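Engineer: Protein chains in written order, with the numbering used here: chain L, 1 to 225; chain Z, 1 to 225; chain E, 1 to 225; chain B, 1 to 225; chain F, 1 to 225; chain P, 1 to 225.
Just so you know, the hints here were simulated from the structure itself, not pulled from any lab data. This structure is a prediction, so every number in the text was calculated from the model and none was measured.
Note: identical chains are not told apart, hence a pair may lie in one copy or across any two.
Mimicking DMTMM-like on lysine to aspartate or glutamate, the simulated pairs with C-alpha atoms at most 25 Å apart in a straight line are:
{"no.": "1", "residue 1": "Lys21", "residue 2": "Glu124"}
{"no.": "2", "residue 1": "Lys21", "residue 2": "Asp47"}
{"no.": "3", "residue 1": "Lys215", "residue 2": "Glu193"}
{"no.": "4", "residue 1": "Lys39", "residue 2": "Glu22"}
{"no.": "5", "residue 1": "Lys176", "residue 2": "Asp225"}
{"no.": "6", "residue 1": "Lys141", "residue 2": "Glu204"}
{"no.": "7", "residue 1": "Lys141", "residue 2": "Asp194"}
{"no.": "8", "residue 1": "Lys21", "residue 2": "Asp181"}
{"no.": "9", "residue 1": "Lys141", "residue 2": "Asp225"}
{"no.": "10", "residue 1": "Lys141", "residue 2": "Asp187"}
{"no.": "11", "residue 1": "Lys21", "residue 2": "Glu193"}
{"no.": "12", "residue 1": "Lys21", "residue 2": "Asp194"}
{"no.": "13", "residue 1": "Lys176", "residue 2": "Asp187"}
{"no.": "14", "residue 1": "Lys215", "residue 2": "Glu73"}
{"no.": "15", "residue 1": "Lys141", "residue 2": "Glu193"}
{"no.": "16", "residue 1": "Lys141", "residue 2": "Glu214"}
{"no.": "17", "residue 1": "Lys141", "residue 2": "Asp208"}
6 protein chains.
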Amino acid sequence: MSHQIVRNIERADPKAMQALKEFGTATLHEAMGRSGLMKPYLRPIYDTARVCGTAVTVSCHPGDNLMIHAAIEVCRPGDVLVVTVTSDSTDGMFGELLAVSARAHGVQGLVIEAGVRDTAELTEMQFPVWARAVSAQGTVKSSPGSVNVPVVCAGVIVHPGDGIVGDRDGVVVVPKQQVSDVIRAADARRRREDQTRRRLAQGELGLDIYGLREKLNSLGVRYQD
Amino acid sequence: MSHQIVRNIERADPKAMQALKEFGTATLHEAMGRSGLMKPYLRPIYDTARVCGTAVTVSCHPGDNLMIHAAIEVCRPGDVLVVTVTSDSTDGMFGELLAVSARAHGVQGLVIEAGVRDTAELTEMQFPVWARAVSAQGTVKSSPGSVNVPVVCAGVIVHPGDGIVGDRDGVVVVPKQQVSDVIRAADARRRREDQTRRRLAQGELGLDIYGLREKLNSLGVRYQD
Amino acid sequence: MSHQIVRNIERADPKAMQALKEFGTATLHEAMGRSGLMKPYLRPIYDTARVCGTAVTVSCHPGDNLMIHAAIEVCRPGDVLVVTVTSDSTDGMFGELLAVSARAHGVQGLVIEAGVRDTAELTEMQFPVWARAVSAQGTVKSSPGSVNVPVVCAGVIVHPGDGIVGDRDGVVVVPKQQVSDVIRAADARRRREDQTRRRLAQGELGLDIYGLREKLNSLGVRYQD
Amino acid sequence: MSHQIVRNIERADPKAMQALKEFGTATLHEAMGRSGLMKPYLRPIYDTARVCGTAVTVSCHPGDNLMIHAAIEVCRPGDVLVVTVTSDSTDGMFGELLAVSARAHGVQGLVIEAGVRDTAELTEMQFPVWARAVSAQGTVKSSPGSVNVPVVCAGVIVHPGDGIVGDRDGVVVVPKQQVSDVIRAADARRRREDQTRRRLAQGELGLDIYGLREKLNSLGVRYQD
Amino acid sequence: MSHQIVRNIERADPKAMQALKEFGTATLHEAMGRSGLMKPYLRPIYDTARVCGTAVTVSCHPGDNLMIHAAIEVCRPGDVLVVTVTSDSTDGMFGELLAVSARAHGVQGLVIEAGVRDTAELTEMQFPVWARAVSAQGTVKSSPGSVNVPVVCAGVIVHPGDGIVGDRDGVVVVPKQQVSDVIRAADARRRREDQTRRRLAQGELGLDIYGLREKLNSLGVRYQD
Amino acid sequence: MSHQIVRNIERADPKAMQALKEFGTATLHEAMGRSGLMKPYLRPIYDTARVCGTAVTVSCHPGDNLMIHAAIEVCRPGDVLVVTVTSDSTDGMFGELLAVSARAHGVQGLVIEAGVRDTAELTEMQFPVWARAVSAQGTVKSSPGSVNVPVVCAGVIVHPGDGIVGDRDGVVVVPKQQVSDVIRAADARRRREDQTRRRLAQGELGLDIYGLREKLNSLGVRYQD
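Between the sequences and the hints, there should be enough to build the whole structure, so can you do that?
Structural biologist: Spelled out as structure tokens, the structure:
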């Protein structure tokens with residue numbers, strides 16, 4: 001129940017993380033049995049934002065970014081900051097200066113269940129951010145919090161070191177122990193989808209490819225001319 | 001009260017639909033006496049998205065896209081899918097594969113009172129979508145629904161075959177019987193607006209063009225220096 | 001308690017307004033002691049929108065844009081329209097024609113606690129707008145309101161003639177008497193930030209630059225390896 | 001596309017309406033194949049509010065209650081006012097005086113996709129109201145609308161004369177042609193539920209009563225000790 | 001731009017405040033030309049809550065109730081605490097202990113644009129509160145703010161000493177200089193309403209009492225049998 | 001990543017759970033260092049609702065209550081059902097029949113991040129429920145989910161067997177290993193509060209009791225007469 005900063009965490013395997021980069025959030029979420037997706041109110045600040053890295057988690061008091069400063073010290077190249085607040089807030093807890101600092105330590109991007117500011121500068125830097133709001137509202141540095149403890153961010157449990165993938169469709173958390181399994185499942189799914197895509201492009205119907213006609217019938221759906 | 005798929009529907013006249021393409025949603029909504037506009041929570045997934053086509057309506061259980069697959073079979077070139085759910089949902093019921101399938105059948109775009117995913121791919125394909133949310137959340141194919149029955153989508157009644165026009169300002173439904181009348185009214189409005197625009201550009205005031213000074217006076221609005 | 005249109009207002013000093021243009025909303029909001037920022041539900045209609053001008057305030061009945069027409073007459077080059085409604089509304093009270101008219105009178109842009117339409121045309125014109133919603137919904141011209149009285153817009157008091165600055169992060173109101181002071185404070189802040197940025201870019205930590213280690217300690221935050 | 005007030009409408013059969021009073025919204029919604037339920041943002045202003053009557057529909061401009069006054073004239077004993085607005089609004093369009101007037105004409109209650117005021121007085125009068133908001137915000141009487149045309153209220157199509165049932169769980173619309181069928185189905189459902197309730201009260205499981213064990217198995221859900 | 005606590009404020013006249021108690025928020029809001037009403041997201045924590053007193057204003061950092069403690073010292077019997085936060089928050093900044101303290105100093109109630117807790121205890125104490133949320137979320141006492149400066153609360157400017165009236169329909173601010181005028185207008189309105197109520201109760205129509213038939217006609221609304 | 005029903009779980013100690021009943025959510029949340037509180041959008045369906053029991057967790061597909069039926073079989077006297085959905089939903093997944101069934105198995109109440117129906121009946125039964133919405137919307141029994149796995153409900157991680165306390169202020173989760181510690185801390189807090197309450201009731205100020213005057217001074221807050 002006390003506040004702490006955990007310096008050393010076990011991170012998802014770097015090679016596996018490299019492989020994870022190939023997949024989008026929709027594919028990974030499906031590959032995990034439709035789990036791991038953060039709520040859709042987290043949106044990227046620019047459309048081409050994309051990130052894949054290991055989570056350094058941060059729990060802050062709303063309107064207070066003290067713990068983000070503390071978190072940067074324990075980040076390593078390849079990490080993604082995952083910032084939550086103890087109650088709902090849209091304040092701009094992170095901006096250009098913090099991005100410069102984070103990047104100097106190898107941080108790949110930010111997922112924050114609150115607000116972000118300096119979005120023009122962040123876009124120019126191509127520093128990808130997924131946030132709940134864009135807001136210039138400044139914050140204080142007065143209240144304690146924690147770094148690298150398990151957090152809930154936008155409805156999903158994130159453990160320090162978990163794989164974080166963000167794209168235009170949202171943010172997915174891949175538990176660090178499951179990265180290789182998820183890649184395998186995602187790869188299989190992608191191959192199946194490639195095949196399906198070809199068939200659909202030629203006009204074949206999902207009804208036939210997925211065998212849904214019988215399903216419709218058994219559910220009592222009737223055709224009418 | 002039972003679920004059904006209606007194969008053949010009366011669609012708005014193709015020639016009239018061709019003429020409808022020239023107008024934006026604001027003009028059409030005004031031309032219909034300020035009716036027919038869907039609620040503004042439906043947003044295009046990219047800024048230049050534009051669509052004009054005839055509605056194939058789909059009513060789905062939330063979190064279930066079975067009926068979209070069923071709908072594609074009854075679509076014809078020039079149609080627009082209009083998808084509703086029986087209760088509020090942001091799940092990503094539609095993505096790239098369905099867009100490939102829809103396009104193979106001539107579908108022009110999608111209006112969905114729920115979520116959409118693969119938005120980067122849909123943008124690259126230039127497949128226009130108006131949705132309530134962007135979300136990678138996957139869906140099942142388990143529950144019955146209907147195709148080509150009257151639905152309420154984002155606050156507006158849509159009958160199968162109605163004209164659907166979407167642009168950056170939203171989505172408008174033009175009842176199929178009224179398409180020609182609406183075009184006439186829209187055309188007249190556009191001409192009037194062209195004239196008004198010229199006068200306004202030269203500094204003339206709306207107060208004078210629309211004769212609002214007397215209105216202000218009769219409402220008791222007082223000027224003060 | 002009656003409705004009025006005030007023709008002549010005291011505006012923030014034009015030279016100071018010129019200097020104000022150099023700063024973004026985050027910097028100005030901080031320079032004012034973290035005040036003056038409108039709520040983040042106001043968003044620009046295009047990402048590069050930027051405005052800096054003096055407020056002409058407008059209070060309208062929801063769904064009614066009569067008073068915007070009245071306001072344009074009292075605008076002068078360099079003004080920004082700040083429009084509020086007496087209860088929440090997303091109707092598209094402002095569109096391309098009003099923008100043409102406003103621009104003909106030197107208006108720099110619009111901040112509106114309601115909806116806007118013709119967003120494609122406004123973007124093409126590069127007429128910057130911050131709004132609560134994009135909606136083609138048309139409005140009437142039937143109910144009285146006021147021009148150039150103090151209003152509350154998106155949570156902030158705006159007096160006629162105040163400085164208004166908008167960018168991708170939001171909208172800030174700089175009280176007209178404070179513009180010079182705010183510029184001085186913003187300038188000082190910017191210089192400090194330039195220095196801090198250089199240090200952060202070289203890997204120095206905010207923890208050290210801002211002296212936060214002792215703070216963490218005094219708050220009982222513990223490090224753990 | 002023009003505004004009108006329809007004086008005479010076909011109402012659901014009075015005897016059937018009498019029988020409808022016995023059922024709650026959940027039962028009726030299920031008896032209609034899970035349709036007809038308004039969105040849950042409509043809430044009763046007091047917990048024991050209950051209504052069952054025939055719809056007189058009203059479409060108003062937001063912030064304007066002119067058409068409610070017009071509607072009362074065409075109401076008959078047993079009617080329920082169903083009021084919509086052409087765009088979202090929370091204004092208090094209806095209060096005690098209108099309730100006194102409505103009651104004098106036999107109106108049973110109000111369903112309004114906007115705000116209501118004088119809620120203490122309405123509760124004391126036991127005049128049942130389902131509204132989107134409670135707000136003292138006053139409205140004008142300036143803009144045209146329609147009475148007794150088909151409307152969409154809280155997501156559901158309402159035709160004049162349809163059966164309207166409201167209770168603590170929400171509001172259901174029973175199309176006038178279906179009232180007798182719906183009563184039959186609701187009655188059957190209620191009898192089944194009475195039986196089920198007895199079994200459940202004795203500890204029998206829904207899993208067994210509804211035969212869900214095989215379903216769980218076929219869906220791949222595994223038990224673990 | 002600095003933080004301050006103003007000890008002595010001019011309050012609305014006590015006798016006038018006494019007379020103000022007789023009126024509800026709807027009547028007062030109308031009597032002020034439909035102004036002064038806070039947004040409807042402020043709700044009373046119990047249905048019979050009612051308050052009438054003079055504002056002591058408090059501006060807090062979100063998640064921080066330090067300034068409420070400071071405010072109680074400058075309260076006098078008959079005051080109402082009006083608490084705002086510098087950005088949106090639902091934290092429970094006020095609970096039973098603060099109510100005990102406030103009551104010991106004669107405070108009549110609380111209007112807070114944030115959360116409140118101990119609502120069962122506050123109800124038992126009959127300490128009236130209008131809040132944005134009910135939440136047990138605790139707060140810190142770390143950040144500065146101000147007491148008795150003009151604030152914006154739920155969309156309305158409140159000056160220290162203004163009249164505050166809250167009931168089941170919401171909260172109204174009566175500027176201190178206007179209290180007597182507002183009472184006069186409210187009284188006149190109430191008398192008119194009493195008369196109107198009697199006529200409506202006997203079945204007379206608002207259409208006739210307010211002379212709306214011609215209005216409908218001039219707006220082009222047509223009757224149809 | 002597969003779905004499962006865990007029959008046997010470790011529950012918080014029954015004696016400790018008995019002691020936990022004495023405390024409200026605000027006290028417990030504070031005693032846990034301001035953690036464990038679910039988001040305030042969960043509200044009790046009646047004001048006097050109160051619950052204290054051990055969590056049986058349920059993860060459902062939105063619009064599908066199959067897994068609630070499965071969960072009841074593994075409940076024991078003293079349990080509380082904690083139901084989440086894999087994406088946001090307001091459907092009425094739980095009603096009177098399920099409450100009868102749950103009660104027959106000793107279930108004390110329900111916490112559900114979705115909708116509930118039959119709220120009049122549930123209130124009469126005094127079956128306490130905290131829900132996101134009240135909605136008569138019916139659900140299906142078609143999609144798999146899990147019982148007694150860790151879930152995130154309204155922003156908080158809940159492990160099966162954790163202590164759940166709900167009252168008018170919200171819902172708190174007490175991790176099962178911490179129940180005794182939390183009770184100790186809550187008891188100490190309550191004693192401190194009893195003392196503080198007495199002092200506040202006599203007019204002493206929080207400023208003095210909590211030693212906040214120096215804090216205000218060091219934060220630069222100035223007094224003004």
